[in-house]
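Trainee: The chain contents come next:
Number of protein chains: 2
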Amino acid sequence: MNHNLYNLLLSSLLLVASSAQAADSVDYPDGYRTWTHVKTMVLHEGHPLENPFLGIHHFYGNELAISGSKTGQFNDGAVLVFDLLEYTTQDNASTEGDRVLVGVMVKDNARYPSTGGWGFEGFAGDSQSERLVNDGGQSCFACHASQKDNDYVFTHWRD
Amino acid sequence: MNHNLYNLLLSSLLLVASSAQAADSVDYPDGYRTWTHVKTMVLHEGHPLENPFLGIHHFYGNELAISGSKTGQFNDGAVLVFDLLEYTTQDNASTEGDRVLVGVMVKDNARYPSTGGWGFEGFAGDSQSERLVNDGGQSCFACHASQKDNDYVFTHWRD
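Chains as they are written, first to last, in this note's numbering: chain A, 1 to 159; chain B, 1 to 159.
Misleading hints may appear alongside valid ones.
Copies of the same chain look alike in the list, so a pair counts if it works inside one copy or between any two.
[Stated by the list, open to error] Below 20 Å or equal to it, Euclidean Cα-Cα: the simulated SDA-like pairs (lysine to any residue) are:
#	residue 1	residue 2
1	K70	P52
2	K70	L49
3	K70	R99
4	K148	N92
5	K70	T155
6	K70	D159
7	K148	N109
8	K70	T36
9	K148	T34
10	K148	A124
11	K39	S129
12	K70	D30
13	K39	Y87
14	K39	D91
15	K70	F82
16	K70	N134
17	K39	T155
18	K39	Q90
Derived from the structure by calculation, the hints contain no laboratory data.
Sequences are here, hints too, so could you generate the full structure?
Mentor: Below, the structure written as structure tokens:
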């Protein structure tokens, strides 16, 4: 194979790979801070998931996700956000600290068939571009698989 | 005074009193669960305010309240909701329980001049009618007065 042809082939492969990644990637959930708050929990030291999930967990959903959290069936386009904050406890009060990460689940059955129809991503701290999930969401899904009866979502709506 | 005249006078006085109460009363914040979530804190056993404020405290605001929480100045019509839930801690995770009360602050400088321009109310548990504040909000304001520089509000916006 001559050098030019090789370069052309390589460029084409990279383009395909890049397009494939873009097609599967999960967008940062712009504006989620004004979406509906579903619930909050706190994981303390000693919890099996403390690394990296120690902290205050807020869950937010867009309108499709809120509908899903009430029925246990999520339509394509539902987005759930898991906003993880550090916390400090002082004088018998626990208060929010810095953001650890923003976790995202996006429902799209066609794009994410191997992870229950959900795309998973994490964004480090306050970054909207530093991504944390590098296995196509398989490690996330390994835990969420237990929630098959609720469309792989742990979060349920409360009034 | 004859009996009929007495009854008429009494009825009129009750009507005036009832109107006065209605004019100052704080409405239940319909729909606040889909308002913007500002922050959360947890008060544990041993906190000076544990009775009656032990639990997970979620704070929500309508649009005017969110604007105010960013500037420290709240316009008339701002409504802040303090949603207090029980919590349980098990296996190093704290999760939400039943609702203890819904606290409300409504900004209206003309209606609530003696409490910093804020009307205060609490609704017991999931009730929208069982009211908890019976002193015109003076006991609430006694604590909020310390936050004069933030228009008597403890809650600040975080991104």
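Trainee: A separate judgement is required for each hint: does it hold in the structure or not?
Mentor: Evaluation of the provided hints:
| no. | hint | in the structure |
| --- | --- | --- |
| 1 | K70 / P52 | neither (28 Å within a copy, 30 Å between copies) |
| 2 | K70 / L49 | neither (26 Å within a copy, 34 Å between copies) |
| 3 | K70 / R99 | between (27 Å within a copy, 18 Å between copies) |
| 4 | K148 / N92 | neither (38 Å within a copy, 24 Å between copies) |
| 5 | K70 / T155 | within (9 Å within a copy, 29 Å between copies) |
| 6 | K70 / D159 | within (10 Å within a copy, 27 Å between copies) |
| 7 | K148 / N109 | within (14 Å within a copy, 52 Å between copies) |
| 8 | K70 / T36 | both (13 Å within a copy, 19 Å between copies) |
| 9 | K148 / T34 | neither (28 Å within a copy, 27 Å between copies) |
| 10 | K148 / A124 | neither (27 Å within a copy, 36 Å between copies) |
| 11 | K39 / S129 | neither (26 Å within a copy, 24 Å between copies) |
| 12 | K70 / D30 | between (23 Å within a copy, 19 Å between copies) |
| 13 | K39 / Y87 | both (16 Å within a copy, 12 Å between copies) |
| 14 | K39 / D91 | between (24 Å within a copy, 19 Å between copies) |
| 15 | K70 / F82 | within (17 Å within a copy, 23 Å between copies) |
| 16 | K70 / N134 | neither (30 Å within a copy, 36 Å between copies) |
| 17 | K39 / T155 | both (8 Å within a copy, 19 Å between copies) |
| 18 | K39 / Q90 | between (23 Å within a copy, 17 Å between copies) |
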